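Asker: Read off the chains here:
2 protein chains.
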Amino acid sequence: MRVGVLGIGKTPHKIQHNKSLRDLIVEAGRTAISDAGVSPSDIQMLYVGNVGSVGFNYENSTGLMAAHHLGVVPAGAVRVEAACGTGAWALHLGVVAIASGLYDTVMVVGAEKMNDLATVEGTSVIAQAADSKEEYFSGLTFPSGVALTARKYMQTYGLTEEDLAHTSVKNHHYGARNPYAHLRFECTVEEVMRSAKVADPLKLYEVCPMTDAGSALVLCREEILKDQPDKPQVYITATAMASGTWYAVSDGLEDAHKLFAEPAAKAYAMAGVSAGDIDVAEIYNSFAIQEPLGIEGLGFAEQGKGWEGAADGSTWIDGKVAVNLSGGLLCKGHPLGATGSSQAVDIIEQLRGTAPEGIQRKDAAIGISACRGGPGAVGAIHIYQREG
Amino acid sequence: MRVGVLGIGKTPHKIQHNKSLRDLIVEAGRTAISDAGVSPSDIQMLYVGNVGSVGFNYENSTGLMAAHHLGVVPAGAVRVEAACGTGAWALHLGVVAIASGLYDTVMVVGAEKMNDLATVEGTSVIAQAADSKEEYFSGLTFPSGVALTARKYMQTYGLTEEDLAHTSVKNHHYGARNPYAHLRFECTVEEVMRSAKVADPLKLYEVCPMTDAGSALVLCREEILKDQPDKPQVYITATAMASGTWYAVSDGLEDAHKLFAEPAAKAYAMAGVSAGDIDVAEIYNSFAIQEPLGIEGLGFAEQGKGWEGAADGSTWIDGKVAVNLSGGLLCKGHPLGATGSSQAVDIIEQLRGTAPEGIQRKDAAIGISACRGGPGAVGAIHIYQREG
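Each protein sequence line maps, in turn, to chains A and B.
Using numbering that gives the first Met the number 0, you'd call the opening residue of the first sequence number 0 and step up by one each time.
Using numbering that gives the first Met the number 0, you'd call the opening residue of the second sequence number 0 and step up by one each time.
Do not rely on the hints blindly, as some may be mistaken.
If chains are identical, the list can't say which one is meant, so a pair holds when it fits in one copy or spans any two.
No more than 27 Å apart at the CA atoms, straight line, and that leaves these computed lysine-lysine pairs for DSS-like [claimed, not checked]:
| hint | residue 1 | residue 2 |
| --- | --- | --- |
| 1 | Lys18 | Lys132 |
| 2 | Lys132 | Lys151 |
| 3 | Lys18 | Lys257 |
| 4 | Lys265 | Lys304 |
| 5 | Lys304 | Lys151 |
| 6 | Lys361 | Lys304 |
These are computed hints drawn from the structure, not numbers from a lab.
Note that the coordinates shown come from a computational prediction; the quantities given were computed from them, not determined experimentally.
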């Protein structure tokens with residue numbers, strides 16, 4: 000399976016009180032259409048990833064709204080939602096649509112406008128993405144649920160809070176160099192340790208901010224991109240989706256590993272590559288602990304060792320595999336429905352060689368994105384390859 | 000393109016205070032899995048159509064919840080939403096997934112639990128599926144928006160309120176015979192005319208009720224069904240999705256016709272059939288006026304003549320094409336996310352010859368479902384054919 004990436008677009012990741020959800024969709028979408036060199040009427044299908052527009056923005060049917068405002072009518076248009084895996088799901092559906100042979104050119108947009116509400120209200124909207132009937136009403140929000148996972152990891156593998164802090168240091172090193180990132184400052188292990196406790200053992204610098212953003216891709220049949228050799232030759236060569244446990248409190252470490260390991264194995268087979276071939280990876284880290292978990296799930300490190308790369312340099316820009324050169328969700332922010340598509344756009348920029356100065360991996364040719372959703376409910380893997 | 004229908008399931012359509020959204024999903028889904036003769040672990044992907052769980056039920060991520068409670072983990076799972084076209088979109092994605100060759104067996108579920116709220120609150124949730132920022136805040140709900148379309152149709156084609164009333168008479172004739180329908184009583188033209196005005200010119204018997212229900216399908220590669228000749232040989236042979244105008248007030252009749260006519264033309268070409276070949280049709284009619292509009296869009300009648308079949312018998316059970324033998328949304332109700340999948344299940348029962356007594360079309364071999372969404376924002380066509 001090979002699906003061409005004809006165009007990409009994204010908005011800055013930040014608090015954007017001056018822009019509505021539809022503004023973000025239009026800005027990211029039009030950039031991608033322009034980058035693709037197509038007209039809106041060339042788009043045959045539109046897949047929009049958005050998690051919380053009903054809760055955040057008092058509107059639904061974001062896919063249909065997007066079709067109208069992007070001018071792609073009468074293309075079919077739909078909103079898809081799978082907690083924090085939403086943007087990756089929109090991408091998956093676009094890839095499968097092209098792979099089916101039924102469509103030539105389709106569009107994927109992920110967008111979220113989180114800051115219409117106060118943070119405490121927003122946390123409540125987000126909590127609906129997990130089990131709102133049993134867990135949330137018992138007091139379990141996402142920060143407190145993931146904190147349980149972090150504690151379990153620390154107990155199981157002997158990880159200290161200082162060990163984990165290196166992950167935030169690395170992300171902030173690159174986030175500071177990414178003009179599209181929400182949080183743009185560097186920090187030290189000591190500063191991570193001193194930052195306020197959010198949900199013990201997770202501290203403020205180990206938690207993503209609430210961010211408004213959109214990102215978009217135009218995908219096409221392999222031949223369409225091949226016939227335009229002047230365009231960057233980047234293809235999506237694997238897509239694999241999995242679901243896992245729905246409950247935070249039963250999300251053991253084995254489940255957390257499997258959530259990425261199983262679809263990653265399928266994706267590597269589909270693309271014909273192995274973990275050792277990957278140059279750049281964007282790995283879901285709305286909370287710092289999820290980065291080592293993801294590194295292990297993708298096969299870049301043994302279980303319990305995923306945190307070491309941030310400390311010893313092997314997951315930095317010149318390391319064995321560069322992880323989260325965008326600054327990750329910790330710095331880029333986590334605009335729920337836009338996160339999966341944003342990971343894709345960032346990897347594609349790496350493979351095109353157009354990433355900002357200071358975060359471009361030299362000669363990046365093979366990339367992977369890994370998106371989680373829910374406590375441990377979505378594992379979404381995509382592999383990208385540059386040709387020539 | 001040929002996709003096998005391995006199993007179907009549905010819950011009754013009615014107000015179900017004793018069941019939650021997840022109960023409806025599990026009931027419909029398990030019935031379909033059982034009918035398919037597969038185990039949950041055979042399901043590779045799950046597409047859940049649900050419009051309003053955040054507004055109606057204070058929960059999100061219905062796809063992930065469904066995967067957990069149906070026991071199909073680690074299959075990929077997602078919720079899709081496109082206003083009232085939601086269930087048809089879930090079906091489309093399942094069909095495309097099989098057509099892509101990437102999956103052997105997938106599952107589609109549509110479900111909505113609308114009656115956790117009072118009707119007036121529910122109407123507000125529904126209104127978010129159209130333009131909540133400009134139209135709804137100006138007072139335009141779905142009933143009032145569609146009433147404008149009805150008035151325009153009446154003015155353009157000289158349709159009287161008595162003419163239109165025949166559509167409700169036909170739907171209620173069959174709805175009374177469908178044990179799964181919400182409203183099970185017959186009515187006369189006079190009774191339709193005497194029923195309370197909801198939004199002039201639409202009256203109570205021309206408006207669907209608020210209904211709780213779920214419906215589900217298990218789809219498979221053509222060969223898998225062919226290899227089980229004892230199972231009913233029903234295949235989905237076409238899927239076509241379109242979007243239209245996002246605004247109710249600009250939804251002219253030409254747009255309303257095109258919304259079905261364009262994807263229907265594609266679907267007929269894909270299946271290699273024409274309008275005249277269709278035995279049974281389920282056509283979206285949350286409001287009575289949408290049935291003649293749909294009949295015209297599908298090519299069963301000229302523009303302005305779509306209402307005649309309900310009066311002269313040609314869209315009744317023994318007519319040229321039997322339309323809405325289920326009782327349509329007017330009687331079956333319109334459980335938003337379940338409506339598209341319910342239309343599919345009802346057509347498949349017709350082709351299997353297992354529809355309830357009094358609503359089974361004799362020797363039905365080719366069927367079509369046509370689902371709308373938003374004021375005029377989704378047109379979704381599927382064609383079904385029986386073999387042998």
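Asker: Compare the structure with the hints numbered earlier in the document and write down the numbers of the violated ones, lowest to highest.
Answerer: Checked against the structure, the only hint that fails is number 3, while the rest are satisfied.
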